[in-house]
Amino acid sequence: MNSQRRSLVLALPGLGWLTVFMIVPCLIVFFFSFFERGVYGGIEYNFGFDNFLRAAEPIYLSIFLGSARIAALATLIAVIIAYPAAYAISLAPKDRQNTYLFLVMLPFWSNYLIRTYAWIVLLNREGLINKALGGAGIITEPLPILYNDFAVITGLVYNYLPFVILAIYASLQRLNPELREASTDLGAPAWVTFLRVTLPLTLPGVAAGAVFVFVLSIGNFITPDLLGGGRIQMVGNLIYDQFLSARDWPFGAALSLILIFIMMLLLFTQAVFVNRAQQARAAPDG
Amino acid sequence: MKRIFTTVSTAALAVALGAGAVGPWGLGSGAALAADKIVISNWDGYMPKDLPEKFKAETGIEVEVALHATNEEIMGKVVAGKGKGYDVLFVSSPFAEVLHKLGLSAPIDHAKVPNFANLYPEAASLEYDPGNTFSAPYAWGTTGLCYRSDLVEGTPSSWNDLLNPSDALKGKVTMLATDRWLMAAGMLAKGYSVNETSQAKIDEVKSQLIETKKDLLAYDDTTFYSKLVSGEASLVHAWDGWCNYGIAENDDIKYVIPQEGTDLWVDTMVITAASENKDAAHAFINYILSADNGKWVAENILYKVPNKAAMEALDGGLLASFPNLDMAPADMMKQEQLRDLGSAQKAYTKAVTEITASN
Amino acid sequence: MARRALAAHLALTYGFLYGPILVLMVLSFNRAGLPTVWTGFSLEWYVTLADSPAILAAALNTIIVAVVSTVIATTLGTLLALGVERRRQSNAVDALLFAPMIIPDIVLAIALLSFFTLLEVTLGLHSIILSHVVFNIAFVCAVVRTRLKHFDYAIIEASIDLGADRFTTFRRVTLPVIFPGVLAGALLAFTLSFDEFIIAFFTAGAGASSTTLPMRIYSMIRFGVTPEINAMATIIMLISFTLVFFSQRLNRATVSD
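Chains as they are written, first to last, in the numbering used here: chain D, 1 to 286; chain X, 1 to 359; chain L, 1 to 257.
If we strip away everything but chain D, and leave its shape as in the complex, we get (with noise of 0.2 Å):
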């Protein structure tokens, strides 16, 4: 036995398991999204494409680009407050990074439910925030903060941003500080060496967590579903809808190949991005 033989024997169970367990039932959700919703909910089989031609209606695109900023706005804030995070963890001195990485990464051990949850009691409206801020005399009126786009984003980046913070660490990490010693000891400033050499070399981490985020965020359904009171409609929810409420799986399956679909461009994307980043930093004189 060879070892291709014998590698491809190793990987067979688990291969085997994704097939019968993901490959074969997403297939029966793909066959789906071209029959037709029953009148009480179950699956007339006229093949047809109705599906994806009603996806195209206004009214669930405006729903996929709403999914699409409130993801977007929340990818923007983590990786505005992960960068200078991660930075400063990786400033610190060595027999300290793992302890401060491991803090970041500890919360997200805890229930992604209770952590979810955590924010109503805060976000409320005779919540711990709106009575602090009133008891300091600084609102008359609660702010409305709660069941609307800004608790649905500050679920979003509360949970995701661990990965972020470790995605532009590991980023930074590999960075060789020759380079940005080198920039130094040509006069810039810190400032210019951190916008020519560090940050453009970093993007890829950068990059890597933001479309980790993205991705979970659009795809989300118990964020928007407990933080957004219902007021927020996101992609993940439109789906959880179709399944459940309007019983009408066609048109679920239809929506979520055309979210996976979404998914896949923008890792593509990015493996793109990042294998060019990576052959620009081969390439002697890049």
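It is possible that some hints are incorrect.
Stated by the list, open to error - Calculated lysine to any residue pairs in the SDA-like style (CA-CA distance at most 20 Å, straight line): (1) Lys201/X with Asn300/X; (2) Lys131/D with Val23/L; (3) Lys101/X with Lys131/D; (4) Lys350/X with Val39/D; (5) Lys190/X with Glu58/X; (6) Lys350/X with Leu53/D; (7) Lys82/X with Ile43/D; (8) Lys278/X with Glu58/X; (9) Lys350/X with Asp50/D; (10) Lys49/X with Asn300/X; (11) Lys350/X with Ser193/X; (12) Lys101/X with Glu36/D.
Stated by the list, open to error - With beta-carbon atoms standing in for the labels, derived distance ranges: (13) Asn98/D with Arg87/L: 28 to 36 Å; (14) Ala313/X with Thr140/D: 32 to 40 Å; (15) Gln278/D with Ala2/L: 28 to 36 Å; (16) Ile139/D with Ala200/X: 43 to 51 Å; (17) Ser198/X with Arg276/D: 51 to 59 Å; (18) Arg54/D with Tyr153/L: 49 to 57 Å; (19) Pro53/L with Ala313/X: 28 to 36 Å; (20) Leu76/D with Glu127/X: 51 to 59 Å; (21) Pro200/D with Leu43/L: 51 to 59 Å.
None of these hints come from the bench; they were simulated from the model. Every residue, glycine too, gets a C-beta built ideally from N, C-alpha and C.
Start from chain D and add chains X and L according to the hints.
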């Protein structure tokens, strides 16, 4: 030695798959195995906690309780899984109608449920299921406005008080999230039927509800009464029984049916066609419909039950504290009953999507 | 100057990450159970929790699901990583391994439910486990592969040259080197499975016997601000933090060996 690798991994796979085929390990559902056991699904907190225990003590039948937060949740699961594993489902009348039309409900054999005799005659002639052929009514009531009389000026009297709240109430109002009740509020405000299917009227109501959304705190099906208690909200769109939960915690909370009228909803018990223990399921329904247990349920969940014998036995003090419990069935029958909309459901879903997606 | 600003920013970030968690922990000891008024120290909510057989049963179910799916996924995922890392890179395989991490939960949940229904598989804890293994394999595999990237395959050949058979080589050479990765993968898998709500909700059987803790928590949150959640949050967090802490210690010890 490579054989060990494959043996180990194949064994792991076989164990896992075998477990899947063989079924439950340890705590798995034993519905198919034990003859005297049924699985029911109900809303959380919608029946006395120790009811399964007492039922078992009396009949020897074990009841396993699954919980759902909304009609949609349980419908999604039951439609997908053809109801397998469940024996009795608690769903609202339009959803019971769908289960029946999809062939997922079993006919109810009245010979096995003598306690149907305890029901009000009105409860046997409900439009969605005259004669209770596929569903047994569990609780019924109206949808209206639940409010903090200390925070709302005057008494709300119209659906428009909810849909176009006064400046003082803006941002302190919630509406029900389920599409049928959300749309019903808009339909009733305009004097239309809660089962209206004309596209023009659906669009008209949709525009109104998009306007209303700007003034809403949230859409809320499950926690509106606690928002009233905490003071987050002052006026909420509510089912009567759930408003009672608020009234129980705060005397200033009141319930009112708007002058335009409202819907009569019925939460029903349906036996699944897939049930492997229909006799036990019938016994369970019969147990619930007894006079004593009906009274116990009403006292516990603070919802009206369609059980004449039970309601007549209720304590006067309870009725005084929760006036909406005292509504006569004849008055309830004057309200329009929610029905399944058939193919028009699609238009409702789309309208509600547009409402919740609007800014 | 800039350094100090960065340090301050990092401190604020930790405040943001830990603030909400600390608030829940403090509130879990509040007698009134209301989030806004402190009415005195009390363990009442912990007692309520300990008295609730439904929640304890759900916690037990979750642990069963998480442990079994972690064991299966760690075994298969590690083998998969070993197999894949030594093969020519294949985009199809990479995509297959990546897919479970990005497919929205709700889609995978519906797909699996349709699949089980079509095959007439009785749903229960086992169907949740089968489903959780799907995404767990992918995560374990990804973590172990990162570890294998730095693996020097020459030591395997050296071991075989020295007369060790393949199994001994795996046990004595490969496994110790990749072990921190395997452990990290297992821990990740356990957490993901312990946390997972939507897929569990759809693939669970009827009734309390396959209700998991996240399903229970979701319904509690949906039904309002119940103080028991705070107590439960505190317990879950303390357990998981302790677990992560010790595995980290173990991990470090192994690395330094």
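Hint check results:
Distance check on the hinted pair: Lys201/X and Asn300/X sit about 40 Å apart at the alpha-carbon level, beyond 20 Å; violated. Simply put, Lys131/D and Val23/L have alpha-carbon atoms about 14 Å apart, close enough for the 20 Å limit, and the pair holds. For the proposed pair Lys101/X and Lys131/D, the alpha carbon gap of about 51 Å is over 20 Å, so the pair is violated. Restraint check for Lys350/X and Val39/D: the C-alpha separation of about 15 Å stays at or below 20 Å, so the hint holds.
A C-alpha spacing of about 50 Å is found between Lys190/X and Glu58/X, which places the hinted pair above 20 Å, so the restraint is violated. Between the alpha carbons of Lys350/X and Leu53/D the distance comes to roughly 15 Å, so the proposed pair stays at or under 20 Å and holds. Taking the CA atoms of Lys82/X and Ile43/D, the gap is near 13 Å; set against the 20 Å cutoff, the hint holds. Proposed proximity of Lys278/X and Glu58/X is supported: the alpha carbons are some 18 Å apart, at most 20 Å.
Our distance criterion of 20 Å between C-alpha atoms is met by Lys350/X and Asp50/D, whose separation comes to about 15 Å. Annotation: proposed proximity of Lys49/X to Asn300/X holds, straight-line Cα distance about 9 Å (limit 20 Å). Proposed proximity of Lys350/X and Ser193/X is supported: the alpha carbons are some 19 Å apart, at most 20 Å. Proximity of Lys101/X to Glu36/D is assessed by CA-CA distance (about 17 Å); at most 20 Å being required, the pair is judged to hold.
Between Asn98/D and Arg87/L, the C-beta spacing of about 32 Å keeps the proposed range 28 to 36 Å intact. Here the CB-CB span from Ala313/X to Thr140/D is close to 51 Å, at odds with the stated 32 to 40 Å. Roughly 29 Å separates the CB atoms of Gln278/D and Ala2/L, a value that falls within the hinted 28 to 36 Å. Checking the proposed 43 to 51 Å range against Ile139/D and Ala200/X shows it holds: the Cβ atoms sit about 44 Å from each other.
Against the hinted window of 51 to 59 Å, the Cβ-Cβ separation of Ser198/X and Arg276/D comes to about 57 Å, which satisfies the hint. Taken as a hint, the range 49 to 57 Å holds for the pair Arg54/D and Tyr153/L, whose Cβ atoms sit roughly 53 Å apart. The hinted range of 28 to 36 Å is satisfied by Pro53/L and Ala313/X, whose Cβ atoms lie roughly 31 Å apart. Restraint check, Leu76/D to Glu127/X: a C-beta distance of roughly 53 Å satisfies the suggested window 51 to 59 Å.
Between Pro200/D and Leu43/L, the C-beta spacing of about 55 Å keeps the proposed range 51 to 59 Å intact.
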